[in-house]
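Q: Given the coordinates of chain Y, assemble chain F onto it according to the supplied hints.
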Amino acid sequence: MLLKVSKLTRYYGKKLGIENIDLSVSESEIVGFVGPNGAGKTTTIRTIMGFLKPDAGVIEIFGEQVDRKNFTDILKSIGYVPGEVNYYDDERVEKIIEFYKEFYNDFDGNYCEELCKKFDLPLKKKFEDLSSGNKKKVAIVQALAHKPKLVIMDEPTNGLDPFVQKMLYKTLNELRENGVGIFLSSHVLSEVQKLCDRVIFIKQGHIIEPRSFERDLKKIVVTSKESSNSNLREVINEFSEIVELIDENGKVVLFMKWNAEKFKKLIASIDFEDITIEDLSLEDVFDELYKPVDTATRNTDEVM
Amino acid sequence: MTIFKWEFRKNLKSLFIWLVFIIGIQFMYSALFPSFAGEGGLFSSKMQLLPKVFLKIFGIEEIDFSNIIHFFAMQGQIWIFLFATFYVMRLASSIIVKEEDEKTVEFVLSRPLSRRRYIFEKILLVTVNTIIYDFVIALALLYMFNAYKTKPFDMKQFWFIVFSYIAVHIFMALIGIISSTVVRKRATADTITLFFLGFFYILSLIARVYENYSYLKELTPFGIFDPADIIKTNSFNYKAFVFVVLLYFAGAIFSILYYERKDIHA
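Line order of the protein sequences matches chains Y and F.
Everything in the first sequence is counted per our numbering, starting at 1 for the first residue and increasing by one.
Everything in the second sequence is counted per our numbering, starting at 1 for the first residue and increasing by one.
Chain Y extracted, bound-state conformation (with noise of 0.2 Å):
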């Protein structure tokens, strides 16, 4: 295990930041974090990365707690992507990376070269005069040019373009082959379905479990007339297999647990003119998770 956390609890004065977080990175392994604004993923990744003092929980990094006699050794080990990037202004980047290459005894000079191509690094710039996609870039590369075992990233795509976008995930699955363990915070959901081996919830301070991803549900659309969705609503009260019922834009959004039988059964009792079925993505988990009380739905209990 390359990170765990247990109990990690952190209050600002009376004001909950964080508490209990238990979260776990293993090697080769990419692990999403995710959670809406004020959530607690900075103060999280902040508290990891020693800026913050837990008031509780304990930090094993490598499997070594961590304290301050050894987190200068374990830092030799670790990069960091900050959500904000924040270096110096009156520095060229160049000078900027200098700087950074003199904290580490075997540094790979080529690899870190190799990087800055790689990401098209406007070397020769002053800080203060790039865009923040290529702040974020600089960033990168000092995360991952010592050649980390562990990465820890807050919001790491912010502002970069798509391409640079793909450059990042492909470097980190390649990160993750060669058995970095990666652990991002991230809005881009998509970004974190598709690239995360593993996704944690956090809520107001709290981790949380969306109970959807263990029931294999389906997300099923149905466009109807909207005479007939009167009738629709009858008829999925018959199947206790539908756990959520969402009007969206004139179409009905059905979660199911899914059974082809019963699914067969649903199609032929009902009056539609288009039906899709998709696996459930990671935004609509994040809708189950975060929506706003007072959305129309049917068994949110059951769901959550």
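Rather than coming from a laboratory, the hints here were simulated on the basis of the structure.
We put the beta carbon where it would ideally sit given N, CA and C, even for glycine.
Only true hints are included.
Below, in silico cross-link-like pairs of lysine-lysine (DSS-like), each with a Cα-Cα straight-line distance of 25 Å or less: (1) F:K103 with Y:K95; (2) F:K5 with Y:K125; (3) Y:K101 with F:K10; (4) Y:K76 with F:K5; (5) F:K13 with Y:K101.
Partial chain F-side listing against chain Y, Cβ under 7 Å, derived: (6) T2; (7) W6; (8) F107; (9) S114.
Take a look, some chain Y residues computed to stay more than 10 Å from chain F by CB distance: (10) V58; (11) E60; (12) L115; (13) C116; (14) S132; (15) K149; (16) S190; (17) V199; (18) I208; (19) E234; (20) F272; (21) D274; (22) S281; (23) Y290.
A: What follows is chain F alone, placed relative to chain Y:
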């Protein structure tokens, strides 16, 4: 020494500018000195016509204007003891907090570098720059005094004055370092340090002007290391100097220990 080298390079320009400025001012005063001294006792007698309070404020009641060290004790207390302190004060009060204020601290503290080492190298930078600053000023003064003196001056008094302004500078650097460690905003650290600079200077003026409050000079480095007093008494408070140096080390240790436990809110 990665942090030290980085900071040294970044702060070299301001060190150079301040040195040019302070030495330039001193050069101007030193160049004027022979004309003051040439007037013989005329300038001294004219000075005695000024209000007593004015003479007390500048500590020039018993100054011999034909002696370049005495002349320096008058103007140097403003330019070297007070004004030149701004450089040291600004350097110290920004050295740690600026990384939090400008949010560059995450870059540094995510590297394999202990916070203890990080702060140690920052404080070392302040110490080294202060020493360079003060000794370059001292050497420049020595050169100028020798170039413009009208009669021999007491070298012992010269070094007493040099170590006096060093004491004032490191005392203010200490306040700067502690503020820089404890607060989160650079402006706050600057304000705190500036407040103490003003407070201690005003305290020394009160002690000079009002005899009833003369004891106050023992509470401020501007009083303890007053160049006018050094000229008058031909003595230097060694104990106070050692105390200030020890206080500086104690403050540095406090800053290191405090920063090791500090939350970094970048």
